[in-house]
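The primary structure of each chain is shown beneath.
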Amino acid sequence: MTLFVIAAREFKTLFLSPMAWTVLAILHTIFAYLFLTQVETFTLLQPKLAVIENSPGLTDIIVPPLFGNAGIILLLVTPLLTMQLICGERRNKTLALLLSAPVSSAEIIVGKYLGLLGLLLLVVALVTIMPLSLRVGGELDTGKFLANILALTLLTAAFAAAGLYLSAIAGHPVIAAMGSFGMLLLLWILDWTTGVKDQRSELLEYLSILRHFQNLQSGLISSVDVVYFVLFIGGFILFSIRSLENYRLLK
Amino acid sequence: MTLLIEAEHLYRYYGKHCAVNDVSFTLTRGDVLGFLGPNGAGKTTTMQMLCGNLAPSAGQIKINGFDLLDQPRSAKRHLGYLPDTPPLYRELTVYEFLHYCAQLHGVAKNNITQAIDHALQRCGLTSVAKRLIANLSKGFQQRVGIAQAILHDPEVIILDEPTVGLDPLQINEIRTLIRELGQDHGIILSTHRLSEVQESCSHVQIIHQGQLILNESIAALKQMMDTGIVQVTTRLAPDVSLLSALPGIKSIETLAENCIRIHYSVVDNPTPRLTETIIAAGWELQELAPVKKSMEDIFITLIRDNES
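Chains A and B supply the protein sequences, listed in that same order. Just so you know, we're using the numbering used here here: the first sequence kicks off at 1 and counts up by one. Just so you know, we're using the numbering used here here: the second sequence kicks off at 1 and counts up by one.
Just so you know, the hints here were simulated from the structure itself, not pulled from any lab data. Please read these numbers as outputs of a predicted model, since none were measured by experiment. Watch out, some of these pointers could steer you wrong.
Claimed, not checked - Distance condition first, Cα-Cα at most 25 Å in a straight line; then the derived BS3-like pairs of lysine-lysine: (1) Lys138(B) <-> Lys93(A); (2) Lys12(A) <-> Lys109(B); (3) Lys93(A) <-> Lys130(B).
Unchecked claim - Not everything, but these chain A residues come out facing chain B in the computed CB check (under 7 Å): (4) Val5; (5) Arg9; (6) Leu16; (7) Ser17; (8) Lys93; (9) Thr94; (10) Ala96; (11) Leu97; (12) Leu99; (13) Ser100; (14) Ala101; (15) Pro102; (16) Arg248; (17) Leu249.
Here a beta-carbon is modelled for each residue, glycine too, at the ideal position from N, C-alpha and C.
Using the sequences plus the hints, can you model the full thing?
Below is the structure:
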């Protein structure tokens, strides 16, 4: 299937340049530092926790903060990875190759998206490996741990979809990166106004990507949160397909 | 005679600017169609529409019988396209790139190696197959672009200025390749060079300000170029009225007192009669030189006629 041909090419190309390697190396260094800090915190707290009944365990203290921070770091990094997806092809004039091949716009978009998602899933895998090492000496709450993996996976997939759309409409990669970063950050901080003077806006709360992420992180996998992410990803992919079709009409 | 391309009443607007205005033509197997026109005439826009990179504002395009809008997948399967900038992934090697193109165009898995080897060989790329495209010279990159367009053995090959950036030897090779391919494919190529059309095409279309102003076979065009010109210099001023009475002479323009330019019909060449008359009249013939009329003249005349 041509969709997977495009995805495989995209994924392999990322590793042909130093880009993917640099991203993986730098991110992993940061994640490792964050992980060690969390482990340190746990060893300091351990004697106090031992006397409290129903105290938070190893998983609670290490995993959610680590995955939460990973989410924020990916918020900064994903726009840089997605900015070239469609915009770069257009600027290098290589889009003509895809447009004149017997491939639909949907296949081009989804193929490119899956290729990049491959790299992002590798990043998620790197984050996941570290808490797994704790199983050598301790015990992990498997349910909570899996919920965090799911939350981070959905979050990065959503970041990538939004980045893909901005790359499809922007004329310059930097504009695409800035646009997606701005949009994602806004969605991240959207519900910060709640709690101020007891104001509550249900709409803002629903739109906030952070709230849904944290709900999933707490181990409560409700369909509302999962559906939010699925709609987010599906919506932006559809917009991207539309924008590519429009490109043929307007150009 | 299978119709490979049917383009009917194509229009394309960029905002209010009309880049292509009511262009219709057909292409059959064995045709090599040369697309000529000054800069900004609408050549590239027309080609982009034929390849599905650009939607026409109005009109219909059929590739090998498949409508490009209704059945894009089937239509594009029969299409090989080299845009004005070759679409190359610079970080890949030539072989990797062609492998990707073969997969994109749906070449069957067990035919891919063979198809790539064939294209590499045809475009003279075998020696650079393992090199990165980014490190190749412009001429080689252009050839990779051509290889990409003929790789999947499409029925219709569309080349936008295929010989740009090539040295004379390579240009010759590419022309030979185009003639070879032209035997069992339909080819459209655009160019600024008229000599190229004369060399490698069987049909020619001239497009100007978005409109087709000429659509002829090369043979018919040669007929249009039927008029020959000779420039005659004599020592004494010749009597123009006496000369224009000779059969076969169409018109005479006087350049100087003793220098005239004679337009004649190639079918009935009057040169022997002309020399006889001049010598008999005692004007003393000093020079008789043919003036070559090339496609360039026709091109310029046509565009001028169109503008006036």
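Those earlier numbered hints the structure runs against, lowest number first = none
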